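Peer 1: What follows is each chain in one-letter form.
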Amino acid sequence: MTEPGSSDRRGGAVGTRAVECADDADLIARWRRGDERAATLLVERHADAVARFVASFGVRDEIDELVQDAFVRAFGSLDGFRGQSSFRTWLFTIARNLVRDRARSAKVRRQVPIEEEHAVTDPDPLSGAVAEETEERIRRAVAVLSPMQREVFTLRVVEGLSYKEIAEVLQSTEGAARVHYHNAMRSIKECFDE
Amino acid sequence: MNDCPRGEIRDLLPDLMAGSLDDGTRARVEEHLHSCAECAAELELLRVARTALSRAPAMDIAKIAGAVRGAKPAVARTTASKRDWRVAALAAAVALMVTGALWLSTSRERQSQIAARGPDTVAAPNTTVAPSIARTPVPNERGAGRTPPPAPPTRPSPGVSAAEVAVAIVSDPEMGDAELDALLDDIRSLDGLTELEPSEELPSLPAVDGDVQR
Chain V
1 MTEPGSSDRR GGAVGTRAVE CADDADLIAR WRRGDERAAT LLVERHADAV ARFVASFGVR
61 DEIDELVQDA FVRAFGSLDG FRGQSSFRTW LFTIARNLVR DRARSAKVRR QVPIEEEHAV
121 TDPDPLSGAV AEETEERIRR AVAVLSPMQR EVFTLRVVEG LSYKEIAEVL QSTEGAARVH
181 YHNAMRSIKE CFDE
Chain W
1 MNDCPRGEIR DLLPDLMAGS LDDGTRARVE EHLHSCAECA AELELLRVAR TALSRAPAMD
61 IAKIAGAVRG AKPAVARTTA SKRDWRVAAL AAAVALMVTG ALWLSTSRER QSQIAARGPD
121 TVAAPNTTVA PSIARTPVPN ERGAGRTPPP APPTRPSPGV SAAEVAVAIV SDPEMGDAEL
181 DALLDDIRSL DGLTELEPSE ELPSLPAVDG DVQR
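So the protein sequences, as listed, match chains V and W. In terms of this note's numbering, the first sequence has 25 at position 25, counting the first letter as 1, and numbering is strictly consecutive. In terms of this note's numbering, the second sequence has 58 at position 58, counting the first letter as 1, and numbering is strictly consecutive.
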């Protein structure tokens, strides 16, 4: 189980000042006391991950708006955050609900792979035609997964969440998350075996 | 691409990639990878997948942070609304008592005029009510552990009305929620009205000519 308020395991640009080294629980407490810098740090720490997660649903045009909405809702309802999961997991839960609400209201379920035109947030982009082709094959393989398999695979592989955290985001169970992940892996491998 | 039969190792490959394994587990998985081509291939596939899927538009951090700063914590909003309720309840209770006090005061004054006495000494209802509020240095009376209020309302001077005391209490920004609660409890339990009721001993009426004195 992720420790409440754990900081970003992938690391961000954490400075040496105490407030920048504070974990999520500390930053939330600081914000509640009126420290606006704490809110900015939390956004810096988690915005890219939330954007990646939203993009994994195939959303293209409203990613920044959805990410902003997720953060506003999270900060506006901090009394509902009991610290039993990580702050990032909680953000993912809110973002997921927002994406689903919008998909329902728009009556459109997009399953378009992420376009190359989007800015790359990965600091270490692959180069070479073979690598590009492999990446494109994986993106196509992920795009045809079921929505649940795609969400679980993205949360597990891209965000590094445990099955327990994934279950919290998807409001499911660890066992179901594990099954969806392995089914997703099998489907992706079959795409490469074709 | 075949699957390694060691499902528990394959389950840990995303954690190995994320760097979230403890030293012992990481060593065990890495040792397995040295001798398992299937798991090594799966790990490489996961690394490429992570890179391929880690693409999203750059977020405007300043814009999001600005939007977040406009969102008050719900805890603060809830606390404020509860406090507002308490203050409103206290003000309403005091206003009710003041109204009752004024009515009784007016009633007594009428009786006094009828009895041809001077102004009643119970301007009283106003100061009788106020002390009930004034004598509530709540925290200390109600047990240990509470912080005494910074400046509890003191017995007002005769010229200060209960209404003025009520306004002072309601507008006192230093009065905490516990003190407000205690004041409300005090007011609810007040039998102050009893104190304002006319005394059992009614003023005697002057004799009127023609009455039969027995």
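Hints are computed from structural coordinates only; laboratory data are not their basis. Because the structure is a prediction, the values reported are computed rather than measured. All residues carry an ideal CB built from backbone N, CA and C; glycine is no exception. Possibly wrong hints are sitting among the right ones.
Not close to chain W: a few residues of chain V, all C-beta gaps over 12 Å, as computed [what the hints assert, rightly or not]:
| no. | residue |
| --- | --- |
| 1 | Ala39 |
| 2 | Arg52 |
| 3 | Gln68 |
| 4 | Arg73 |
| 5 | Arg102 |
| 6 | Ala103 |
| 7 | Thr134 |
| 8 | Leu170 |
| 9 | Thr173 |
Every beta carbon over 10 Å from chain W, so not counted as near; a handful from chain V, in silico [unchecked claim]:
| no. | residue |
| --- | --- |
| 10 | Asp26 |
| 11 | Arg139 |
| 12 | Arg178 |
Pair by pair, the computed Cβ-Cβ distance ranges are [said to hold, decoys possible]:
| no. | chain 1 | residue 1 | chain 2 | residue 2 | range |
| --- | --- | --- | --- | --- | --- |
| 13 | W | Gln111 | V | Gly76 | 42 to 52 Å |
| 14 | W | Arg26 | V | Lys164 | 32 to 42 Å |
| 15 | W | Asn2 | V | Arg82 | 16 to 26 Å |
| 16 | V | Ser105 | W | Ala178 | 39 to 49 Å |
Peer 1: Hint by hint, note whether the structure agrees.
Peer 2: The hints, checked one at a time:
1. Not every beta carbon of chain W lies more than 12 Å from that of Ala39(V), the smallest distance being close to 5 Å; the non-interface claim is violated.
2. Its closest Cβ contact with chain W, about 5 Å, brings Arg52(V) to no more than 12 Å, contrary to its assignment away from the interface.
3. Chain W draws Gln68(V) into its interface by the beta-carbon criterion, the shortest separation being 5 Å against a cut-off of 12 Å.
4. Interface exclusion of Arg73(V) from chain W breaks down, the closest Cβ pair being 8 Å apart, not more than 12 Å.
5. No beta-carbon of chain W comes within 12 Å of the beta-carbon of Arg102(V); the shortest separation is about 16 Å.
6. No Cβ of chain W comes within 12 Å of the Cβ of Ala103(V); the nearest lies about 18 Å off, and the non-interface call holds.
7. Look at Thr134(V): its CB is around 5 Å from the nearest CB on chain W, not clear of 12 Å, so calling it non-interface is violated.
8. For Leu170(V), the condition that its CB be more than 12 Å from all CB atoms of chain W holds, with the nearest at approximately 16 Å.
9. For Thr173(V), the non-interface assignment is confirmed: its Cβ lies about 16 Å from the closest Cβ of chain W, beyond the 12 Å cut-off.
10. With a minimum CB-CB distance of about 15 Å to chain W, Asp26(V) clears the 10 Å threshold, and the non-interface call stands.
11. Its closest Cβ contact with chain W, about 5 Å, brings Arg139(V) to no more than 10 Å, contrary to its assignment away from the interface.
12. Listed as outside the interface, Arg178(V) is inconsistent with that label: its C-beta sits roughly 7 Å from the nearest C-beta of chain W, within the 10 Å cut-off.
13. For Gln111(W) paired with Gly76(V), a C-beta distance near 60 Å fails the hint of 42 to 52 Å.
14. Between Arg26(W) and Lys164(V) the Cβ separation comes to about 19 Å, which falls outside the hinted range of 32 to 42 Å.
15. Taking 16 to 26 Å as the suggested C-beta distance range, the pair Asn2(W) and Arg82(V) does not conform, at roughly 44 Å.
16. Judged by the Cβ atoms, the range 39 to 49 Å given for Ser105(V) and Ala178(W) holds: they are separated by roughly 45 Å.
When each numbered hint is compared with the structure, violations occur for hints 1, 2, 3, 4, 7, 11, 12, 13, 14, 15.
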